[in-house]
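Colleague: Chains as they are written, first to last, in the numbering used here: chain A, 1276 to 1507; chain B, 324 to 733.
No lab work stands behind these hints: they were computed from the structure.
For glycine and all other residues, C-beta sits at the position ideal for the given N, C-alpha and C.
There could be a bad hint or two in this list.
Restraint-style ranges between C-beta atoms, simulated for each label pair [claimed, not checked]:
#, chain 1, residue 1, chain 2, residue 2, range
1, B, 610, A, 1299, 53 to 61 Å
2, A, 1488, B, 331, 43 to 51 Å
3, B, 652, A, 1404, 21 to 29 Å
4, B, 614, A, 1403, 47 to 55 Å
5, A, 1428, B, 327, 21 to 29 Å
6, B, 610, A, 1423, 51 to 59 Å
7, A, 1469, B, 652, 39 to 47 Å
8, B, 631, A, 1420, 36 to 44 Å
9, B, 331, A, 1300, 37 to 45 Å
Here are some chain B residues the structure puts well away from chain A; computed CB gaps all over 12 Å [to be verified]:
#, residue
10, 374
11, 462
12, 508
13, 516
14, 526
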Amino acid sequence: MTAGLPLLTRPALVELADVDKIYRTGDFEVAALRSVSLEIHEGEFVAIIGPSGSGKSTLMHILGCLDVPTAGRFALSGHDVSSFDEATLAKVRNMFVGFVFQQFNLLAYLPAWRNVELPLVYAGVEPEERRERSLRALDKVGLADRVDHRPGEMSGGQQQRVAIARALVSEPAMILADEPTGNLDSQSTLDIMSLVEELHGEGRTIVLITHEPDIAARAERVLQIFDGQVVE
Amino acid sequence: MSWRDVLRTAGEAVRTHRLRSALTMLGILIGITAVVLTVGLGEGAKAKVQDQIDELGTNLLVVSPGSSTSSSGARGGFGSASTLTTGDARALQAKAAAPDVSSVAPVATSSVSLVNGSTNWTTTLTGTTPEWKVVRSRGVSTGRFITAADERAAKAVVVLGSDTASELFSGRDPVGRTVSYNGVKLEVIGVLDALSSSESTSSNDLAVVPLNTYREKLVGGTNRNSISSIYVKADSSSSLSAAYQETDALLLNLHGITNTANADFSIATAQSALNAATSVDDTLTIMLGGIALIALLVGGVGVMNIMLVSVSERIREIGLRKAVGAQPSVIRRQFLVEAGLLGLAGGLLGVLLGVVGAVVIPAVSDQRVIISIPAAVAAIAVAVGIGMVFGVYPASRAARLAPIDALRSE
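Make a model of the complete structure from these sequences and hints.
Modeller: Structure representation (structure tokens):
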């Protein structure tokens, strides 16, 4: 009982209450999420697992403020963001969320450090500080010697490290990784997962979306999503 | 996002897609070159006319014989009558009748062949008075011009135009030598200075003799008092129209004409010639300018087309930028600046090509091209404007993309 008290006194980092997400295509209505309620606290490492079509991508979009729920409450650090407009959501994403995608989504024409600094560019950070922080983030993911390489000159595992550095650089409240190992070979997968665990060990909040049980098993807590509903 | 970052990002996008950017610029470039050259040609044509008029002399009126009206009422064309006489010129010199006229030069001309030894040359023999030099704002490079004494005594002297002198004397100093016409020997007393800006040769190819010499010794004709035209110089440009009125009234009076529609002479001012010439040039400039503007618009549509392609090609990049925190307005600005940069580059290159054209065109034809700095700056501004105006739609499309749709797209 007493151990739970500190958690109760401060709001959860992420709080979803009865969230619905319904897509309309013509006359069809598809409920991607149905009455989803969940909380993620600071410092947690949560995996969300489910088969394709289960609604896990939709959940990830909502958690990442890329999309808003059709109904229900979605709060980040106690602020309800479900009614924010696109411009405000962009600011929220910039401050709260660091994305890691399955496709890496690096800009091919920019060297690694310029890719990493992108969130800082949109946050309005001065160029000198941007470069310094980008180099530090790249050092953190073990790519200090690859800062000037373009994505095309790096392996998949290295590219995903650059993407992780980009997700880290703005010190967001949460790192949201969508199938981060989906495009990697087994060795790179192991490397990336140990990097993720290392980041968690430093106290970062990590939400990992995957369809592979052995990846999900690395997390502290696993949320199963099936047919738009979440079960712990 | 600071403006410096917006500019850098847009510049990188332009540089990354080099071929595409170059092709987009080409459209703007052609349009701007066309505009710059059209305006330059128009300005050149105007300057050419202005020079010709300056060559004629400033504050000048030219009285030419008009059409004759026969007793039966049939009217001949301009110049069909030899209605102007030396008497008319003398009358205009009277200060009382024409107070705003400062000098008057009657001129009689005919085409003649002058001979120097075995060399001959056909030129315009001009019989006039010493005032001609003042009225036409000319000078002599060597020797002297005809004087009142030459005129009174009808001396056999001639002042040659610079081209005429070199044709007849092939570089040697002609002053003191003689040329002959119809067996009359004329002593060359001077050579007129050359008008370097002259496009036509007539200003430098002529032979000036005293009017009395012309009438009495060289060209007879049925009416020895008849002259080809009278140059009238006004005191200043402000008294030009007064001088016009006085000349008109005096000549009508002398010729006994009451109905101005039947006037047997016409008076042209340098300004009226300039106006006529420039209005023709203006019409041409506007027409060509319109075509050039259409070329520019086509270039603008090209920018829009390429920018739309660019937006759909970079849909994932847009999604990523939005995911990491780019607001729609920032994305819009980035694409607008990109379109503006394409316009700017096209404009700069277009003006550059226009300047090249301004050097090449006068070398291969006798058209003058004048490119002014304000016109060049305006052209570049227009190019940037065109780029940005046609960039608005693609930029808003990019800005409106939902980040998830953009990220999901393959």
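Colleague: Need the list of violated hint numbers for this structure, in ascending order.
Modeller: none
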